[in-house]
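Since the structure of chain S is provided, determine the placement of chain W on it from the hints.
Residues per chain, in single letters:
There are 2 protein chains.
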Amino acid sequence: MKKYAFGVDIGGTTVKMGLFEKDGTLVSKWDIVTTKDNNGEKILPDIAASLKKKMEEEGLTSEDIEGVGVGVPGAIDSEGKLVGNAANLGWVEKDIRKELSDLMGGLKTVVANDANVAGYGEMWAGGAKGYTSVCMVTLGTGVGGGIIIDGNILAGATGAGGEIGHICVNPDETESCGCGLKGCLEMYASATGIVRLAKRRLAKDDAPSVLRKDDISAKTVFDGVKNNDAVCKEVATEFGRILGKGLGSLASVINPEIFVIGGGVSKAGSVLLDYVVDEFKKNTINACRNTKFALATLGNDAGIIGAAGLILNK
Amino acid sequence: MKKYAFGVDIGGTTVKMGLFEKDGTLVSKWDIVTTKDNNGEKILPDIAASLKKKMEEEGLTSEDIEGVGVGVPGAIDSEGKLVGNAANLGWVEKDIRKELSDLMGGLKTVVANDANVAGYGEMWAGGAKGYTSVCMVTLGTGVGGGIIIDGNILAGATGAGGEIGHICVNPDETESCGCGLKGCLEMYASATGIVRLAKRRLAKDDAPSVLRKDDISAKTVFDGVKNNDAVCKEVATEFGRILGKGLGSLASVINPEIFVIGGGVSKAGSVLLDYVVDEFKKNTINACRNTKFALATLGNDAGIIGAAGLILNK
Numbered sequence: 001m002k003k004y005a006f007g008v009d010i011g012g013t014t015v016k017m018g019l020f021e022k023d024g025t026l027v028s029k030w031d032i033v034t035t036k037d038n039n040g041e042k043i044l045p046d047i048a049a050s051l052k053k054k055m056e057e058e059g060l061t062s063e064d065i066e067g068v069g070v071g072v073p074g075a076i077d078s079e080g081k082l083v084g085n086a087a088n089l090g091w092v093e094k095d096i097r098k099e100l101s102d103l104m105g106g107l108k109t110v111v112a113n114d115a116n117v118a119g120y121g122e123m124w125a126g127g128a129k130g131y132t133s134v135c136m137v138t139l140g141t142g143v144g145g146g147i148i149i150d151g152n153i154l155a156g157a158t159g160a161g162g163e164i165g166h167i168c169v170n171p172d173e174t175e176s177c178g179c180g181l182k183g184c185l186e187m188y189a190s191a192t193g194i195v196r197l198a199k200r201r202l203a204k205d206d207a208p209s210v211l212r213k214d215d216i217s218a219k220t221v222f223d224g225v226k227n228n229d230a231v232c233k234e235v236a237t238e239f240g241r242i243l244g245k246g247l248g249s250l251a252s253v254i255n256p257e258i259f260v261i262g263g264g265v266s267k268a269g270s271v272l273l274d275y276v277v278d279e280f281k282k283n284t285i286n287a288c289r290n291t292k293f294a295l296a297t298l299g300n301d302a303g304i305i306g307a308a309g310l311i312l313n314k
Numbered sequence: 001m002k003k004y005a006f007g008v009d010i011g012g013t014t015v016k017m018g019l020f021e022k023d024g025t026l027v028s029k030w031d032i033v034t035t036k037d038n039n040g041e042k043i044l045p046d047i048a049a050s051l052k053k054k055m056e057e058e059g060l061t062s063e064d065i066e067g068v069g070v071g072v073p074g075a076i077d078s079e080g081k082l083v084g085n086a087a088n089l090g091w092v093e094k095d096i097r098k099e100l101s102d103l104m105g106g107l108k109t110v111v112a113n114d115a116n117v118a119g120y121g122e123m124w125a126g127g128a129k130g131y132t133s134v135c136m137v138t139l140g141t142g143v144g145g146g147i148i149i150d151g152n153i154l155a156g157a158t159g160a161g162g163e164i165g166h167i168c169v170n171p172d173e174t175e176s177c178g179c180g181l182k183g184c185l186e187m188y189a190s191a192t193g194i195v196r197l198a199k200r201r202l203a204k205d206d207a208p209s210v211l212r213k214d215d216i217s218a219k220t221v222f223d224g225v226k227n228n229d230a231v232c233k234e235v236a237t238e239f240g241r242i243l244g245k246g247l248g249s250l251a252s253v254i255n256p257e258i259f260v261i262g263g264g265v266s267k268a269g270s271v272l273l274d275y276v277v278d279e280f281k282k283n284t285i286n287a288c289r290n291t292k293f294a295l296a297t298l299g300n301d302a303g304i305i306g307a308a309g310l311i312l313n314k
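Going down the list, the protein sequences come from chains S and W.
Taking my numbering, the leading residue of the first sequence gets 1, the next gets one more, and so forth.
Taking my numbering, the leading residue of the second sequence gets 1, the next gets one more, and so forth.
The following block holds chain S by itself, in its conformation from the complex:
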């Protein structure tokens, strides 16, 4: 029986890597710089070299390694191929799974989209531990999603499964989302979306608020909520109304056991769920009303843990 697996989380700046035991224990964690020159041609060779070096250091052979799991910031189909381009890496239409497996001497390799991998990690070892149907909601610069159905990532036909930030929640919106559409969930529930909501609220009248003094961010809004700032509470209410309603629609389609909320905005903590869960319950069908909610617990390690889980949690 082989005993270890690697989890690899490829980002636009660094590649995070971890060596894990079969039960999920993290043995070693490190990172290397992402070299994006020449359409990112060095990224996979650099990763393979770094993994091999780690095996040498630890006295491990291929026999000891079950496989390599990888998360990639791009649309990845169910066979581990990149569909379209991964702008942050310089890659276009790439058979990542095969290339990395070949570089690793044929080692089992599984590749998926990074948001889906983070969701997988939260299911395996984080906020959704014990569940098999999970929707991870990542509230960062944008709104990402990772959907796991009966233990399997919903990759989608063109790798776009779980792109929940682009469901339309406001057909009346006049401004455009980064994707070119109007009224996407991401325009209101991401870190930048919350700033948008705050600015719109401030423009309405002259009500005093900490937001008129500080730089506005998702953090200042939720800090203000904790300090009882009335305007911050209004902004949080609007955020919760839109996100709760959006997830209410989503639940009737994929009907997960649990939503896990992660990403930078989720650092606000449980107060964030207070604003979202009630609105969710009011805006979903009966059969979905008891869907559970949890905060993500793995933070920046969700990527390497989930990637290792793709190999070990089978």
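Be a bit skeptical, because a hint or two may be false.
In silico DSSO-like cross-links for lysine-lysine, where the CA-CA straight-line distance does not exceed 30 Å [what the hints assert, rightly or not]:
#1 S:K22 to S:K314
#2 W:K16 to W:K267
#3 S:K282 to W:K81
#4 S:K281 to W:K182
#5 S:K182 to W:K233
#6 S:K182 to W:K182
#7 W:K98 to S:K129
#8 W:K54 to W:K2
#9 W:K129 to S:K81
#10 W:K129 to S:K98
#11 S:K81 to S:K42
#12 S:K281 to W:K81
#13 S:K129 to W:K81
#14 S:K314 to W:K81
#15 W:K226 to W:K213
#16 W:K98 to S:K314
#17 S:K54 to S:K22
#18 S:K282 to W:K182
#19 S:K182 to W:K204
#20 W:K281 to W:K233
#21 S:K108 to W:K314
#22 S:K233 to W:K182
#23 S:K233 to S:K281
#24 W:K292 to S:K81
#25 W:K314 to S:K314
#26 W:K292 to S:K98
#27 W:K182 to S:K199
#28 W:K42 to W:K53
#29 W:K36 to W:K108
Covered stretches of chain W, as calculated for chain S (at least 3 residues, CB under 8 Å) [said to hold, decoys possible]:
#30 78-87
#31 140-154
#32 166-172
#33 242-250
#34 282-294
Now the stretches of chain S that chain W is said to cover, found in silico as 3 or more residues with beta-carbon under 8 Å [stated by the list, open to error]:
#35 248-256
#36 281-294
No wet-lab data here; the hints were simulated from the structure.
Computed from a predicted structure; not experimentally measured.
Glycine is no exception: its CB is placed at the ideal position from the N, C-alpha and C atoms.
Quick look at chain W alone, frame taken from chain S:
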């Protein structure tokens, strides 16, 4: 190798049944009345008796039957149990799979929601043949859905997977949907929803239209479109705008290879797709823009065919 399977489609009035060969050929098709007395306690025994009688008639033994697939109008979890109640049958919280299998002497039995089963049938032998990730959209009295991911039905944690009629497409709606929410897709894209759109349009001004003479139905609207009735075209445009945009949101979540449009409204034919597909393309993310569309082809047999497919298409 066993050679046959039964497909059973339980409805509130009749139970449709079919005997199929392994390659999907329909050998025999019949139906029995649904007896709903005493919380529908006779429904499963009646079905079992009818299937056994058919086996006798055809000279088949249990050895010749691979299994029984069943579609049920209610929320069915991935283990074939009814969650909550099936109002049309009188059933509450029932282990349908086990009960019918026991009645059939332990024969393999698979049970799923009827809309999901219809989607499975269209994938196996209908409008989505050749695909494995499919979203069936049933435009009938309501809007139902059946989602198949990588060849498996998305049943959902509480059997509510694929209830796409209840995604919110109009947060400004003041009237309520049958489910109690406001602005559900079903309020505009079902047969009754199209009548609602037509009445709202007629109330706006006095523009002449066939709709002012005939009883309004989805059929009169699309017949009017074919006869170049300007008001009917406006109603169809509004219908297409709402449904196309709703499916655009859906695509970014589940990213199917193909949408299959069925149900009574789809009898309008390809003109219906003309109004939906362009709006879909305008209202979904790039990665989903080439999602295919087709009309359902199995009609009322989708249920028995899909149910048999649950057994034979594995």
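Here is what the structure says about each hint:
1. S:K22 to S:K314: holds, 11 Å
2. W:K16 to W:K267: Holds: K16 of chain W and K267 of chain W sit about 21 Å apart, inside 30 Å.
3. S:K282 to W:K81: holds, 26 Å
4. S:K281 to W:K182: holds, 14 Å
5. S:K182 to W:K233: Holds, at about 25 Å.
6. S:K182 to W:K182: holds, 21 Å
7. W:K98 to S:K129: holds, 29 Å
8. W:K54 to W:K2: Distance of about 16 Å is within 30 Å: holds.
9. W:K129 to S:K81: Judged against 30 Å, a Cα distance of about 24 Å means the pair holds.
10. W:K129 to S:K98: holds, 29 Å
11. S:K81 to S:K42: holds, 17 Å
12. S:K281 to W:K81: holds, 24 Å
13. S:K129 to W:K81: holds, 24 Å
14. S:K314 to W:K81: Satisfied, since the Cα-Cα distance of roughly 25 Å is no more than 30 Å.
15. W:K226 to W:K213: holds, 17 Å
16. W:K98 to S:K314: Measuring from Cα to Cα gives roughly 27 Å; hence the hint holds.
17. S:K54 to S:K22: Holds: K54 of chain S and K22 of chain S sit about 17 Å apart, inside 30 Å.
18. S:K282 to W:K182: Holds, because 11 Å separates the two Cα atoms, which is no more than 30 Å.
19. S:K182 to W:K204: Distance of about 27 Å is within 30 Å: holds.
20. W:K281 to W:K233: holds, 20 Å
21. S:K108 to W:K314: holds, 26 Å
22. S:K233 to W:K182: Within the cut-off at roughly 25 Å; holds.
23. S:K233 to S:K281: holds, 20 Å
24. W:K292 to S:K81: Holds - the C-alpha atoms of K81 of chain S and K292 of chain W are around 21 Å apart, at most 30 Å.
25. W:K314 to S:K314: holds, 21 Å
26. W:K292 to S:K98: Distance ~28 Å between K292 of chain W and K98 of chain S Cα, so the pair holds.
27. W:K182 to S:K199: holds, 28 Å
28. W:K42 to W:K53: The hint holds at about 16 Å.
29. W:K36 to W:K108: holds, 25 Å
30. 78-87: holds (count 3)
31. 140-154: holds (count 6)
32. 166-172: Coverage by chain S holds here, the residue count being 7 at a Cβ distance below 8 Å.
33. 242-250: holds (count 4)
34. 282-294: With 8 residues in contact (Cβ-Cβ under 8 Å with chain S), the coverage given for the region 282-294 of chain W holds.
35. 248-256: With 9 residues in contact (Cβ-Cβ under 8 Å with chain W), the coverage given for the region 248-256 of chain S holds.
36. 281-294: holds (count 8)
In the structure shown, no violation is registered for any of the earlier numbered hints.
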